[in-house]
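*Asks:* Work out the full structure: start from the sequences and follow the hints.
Each chain, written out:
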Amino acid sequence: MKCKRCGKAAAAVDLPSHNSAFCPECFFVFFRRQVEEGIRKFSLLSPRDRVLVCVSGGKDSLVLWDILLDLGYDAEGLTIDLGIEGYSDRSREKVMAYAESRGKEPIVVDLRREGVPIPEAAKKSRKEECSVCGTVKRYFFNRVAASRGFSVVATGHNLDDESARLLGNLMHWHRDHLARQHPLLPEASDGLVRKVKPLWRVSEMETAAYGFLKGIDYVTEECPMSFDATSLVYKEALSHIEEKMPGTRFNFYQGFLQGRESRGTFLPFPEEGAAAGGEEKAGRGQAKCALCGAPSYTETCAFCRLKEKVGKGGRR
Amino acid sequence: MIRVRMPQKKEELEIPGPKRVMDILAAAGVRPTTVLVTQGRKLLTKDQRVEDGETVDIISVVSGG
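Respectively, the protein sequence lines represent chains A and B.
Take 1 as the starting number for the first sequence in the working numbering and just add one per residue.
Take 1001 as the starting number for the second sequence in the working numbering and just add one per residue.
It cannot be assumed that every hint is accurate.
Below, in silico cross-link-like pairs of lysine-lysine (DSBU-like), each with a Cα-Cα straight-line distance of 35 Å or less [what the hints assert, rightly or not]:
hint	chain 1	residue 1	chain 2	residue 2
1	A	K8	B	K1046
2	B	K1010	A	K288
3	A	K127	B	K1009
4	A	K4	B	K1042
5	A	K41	B	K1042
6	A	K244	A	K4
Listed next, with one range per pair, are the computed distances between beta-carbon atoms [as the list claims (entries may be wrong)]:
hint	chain 1	residue 1	chain 2	residue 2	range
7	A	N19	B	Q1008	26 to 32 Å
8	A	Y297	B	T1055	53 to 59 Å
9	B	R1003	A	E37	24 to 30 Å
10	A	A237	B	I1015	40 to 46 Å
11	B	P1007	A	A237	36 to 42 Å
12	B	A1027	A	A287	56 to 62 Å
13	A	R50	B	P1016	54 to 60 Å
14	A	S189	B	T1055	54 to 60 Å
15	B	A1027	A	L291	54 to 60 Å
These aren't lab readings, by the way, just hints derived from the structure by calculation.
Since the model is a prediction, treat every value here as computed from it, not as a measurement.
Glycine included, each C-beta is placed from N, C-alpha and C at the ideal position.
*Replies:* Next comes the structure, spelled out in structure tokens:
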């Protein structure tokens, strides 16, 4: 198969969803344009931004950091050592090696030092590991960004992640989650830093191919805590559909975003969307945590409540 | 035989060659949209032919959590 863009070199990446196939050089051009379009579409980033990129050592986050640096953004990495024996050490090594190759030194938060390593925190709080991990990561992303003068936090969520999340939210009619699902969550005056997902247009396979062809050495093993993550069920279902009808995943997610753009809310119940806070309020804090000062709807934030449970050894 | 390695699953199988990549994936029971198929530093497209005696790696691209 020849590259459909240059027509000369042999194709290395076939993309049925775009009815196309690219050689490595043309694929880099394609991928870069997809990310640039994703950023432009919702004004995710400006050249003046100081971007904090959350890097796990996996393909998506390292590719995101790589492409933002290549696009000329002032992008620094933040890595959170989750305290998962073996896996966290290997992930951290990949982040450090990549950072060194770009002349960067990532900011490191070690959850063992913070007293909330994920396996222990999940056990003592009696919550699912992925849920605890999400709470802790969101807390530190914002705290580090706010305290070090970053204007925006960028994460490596891709099209597969977002479409799987959308399917899950729809299947369970999580209206409040649907209201705040977007590649852009604006900053709020109470201390929440803007959050963006610049890879929302590119698939997991495209991100992996970009990382592989660019020679980015990422962790290929899956987090041992996520083997039964519900997101994998939705991804599997969407993969099945995508194989039969290429391009469906993109249409599914983009259609959702377009619906929001045109009607102000995706929800088929606009009055409930407004009551739930709609686009403006969704996910944005209203007060400050009494213990740590982080933005929070409740008296103490989710992170401090978790830390308290871990400190008490899981007593309720 | 074609040697097919799946490092994340720590599995390996042998399939009679030659075969196209898409047929190797079918034989391994893997969805094409969920993996990269590599040969050393080369990325293979689904229509490429793999010869008897060659080795390919199937790398899952799906992350959860």
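*Asks:* Each hint: holds or not?
*Replies:* Taking the hints in turn, this is what the structure says about them:
Restraint check: the Cα-Cα separation between K8 (chain A) and K1046 (chain B) comes to about 19 Å, which is no more than 35 Å; the hinted pair holds. Of the pairs offered as hints, the one joining K1010 (chain B) and K288 (chain A) is violated, with about 47 Å between alpha carbons and a cut-off of 35 Å exceeded. In summary, the hint linking K127 (chain A) to K1009 (chain B) is supported, as the alpha carbons are separated by about 27 Å, within the 35 Å threshold. For the proposed pair K4 (chain A) and K1042 (chain B), the alpha carbon gap of about 18 Å is at most 35 Å, so the pair holds.
Under the criterion of a C-alpha separation no larger than 35 Å, the hint pairing K41 (chain A) with K1042 (chain B) is consistent with the structure, at around 33 Å. Restraint check for K244 (chain A) and K4 (chain A): satisfied, since their Cα atoms lie roughly 22 Å apart, inside the 35 Å limit. In this structure the hint that N19 (chain A) and Q1008 (chain B) lie 26 to 32 Å apart at CB holds, the actual value being about 29 Å. Roughly 54 Å separates the CB atoms of Y297 (chain A) and T1055 (chain B), a value that falls within the hinted 53 to 59 Å.
Between R1003 (chain B) and E37 (chain A), the C-beta spacing of about 40 Å breaks the proposed range 24 to 30 Å. Look at A237 (chain A) against I1015 (chain B): about 28 Å separates their beta carbons, and that is not inside 40 to 46 Å. A hinted range of 36 to 42 Å is violated for the C-beta pair P1007 (chain B) and A237 (chain A), which are about 25 Å apart. At about 58 Å, the beta-carbon gap between A1027 (chain B) and A287 (chain A) stays in the expected band of 56 to 62 Å.
For R50 (chain A) and P1016 (chain B), the Cβ-Cβ distance of about 56 Å falls inside the hinted range of 54 to 60 Å, so the restraint holds. Checking the proposed 54 to 60 Å range against S189 (chain A) and T1055 (chain B) shows it holds: the Cβ atoms sit about 57 Å from each other. Separated by about 56 Å at the C-beta atoms, A1027 (chain B) and L291 (chain A) satisfy the suggested range of 54 to 60 Å.
Checked against the numbered hints above, the structure violates hints 2, 9, 10, 11; every other hint is satisfied.
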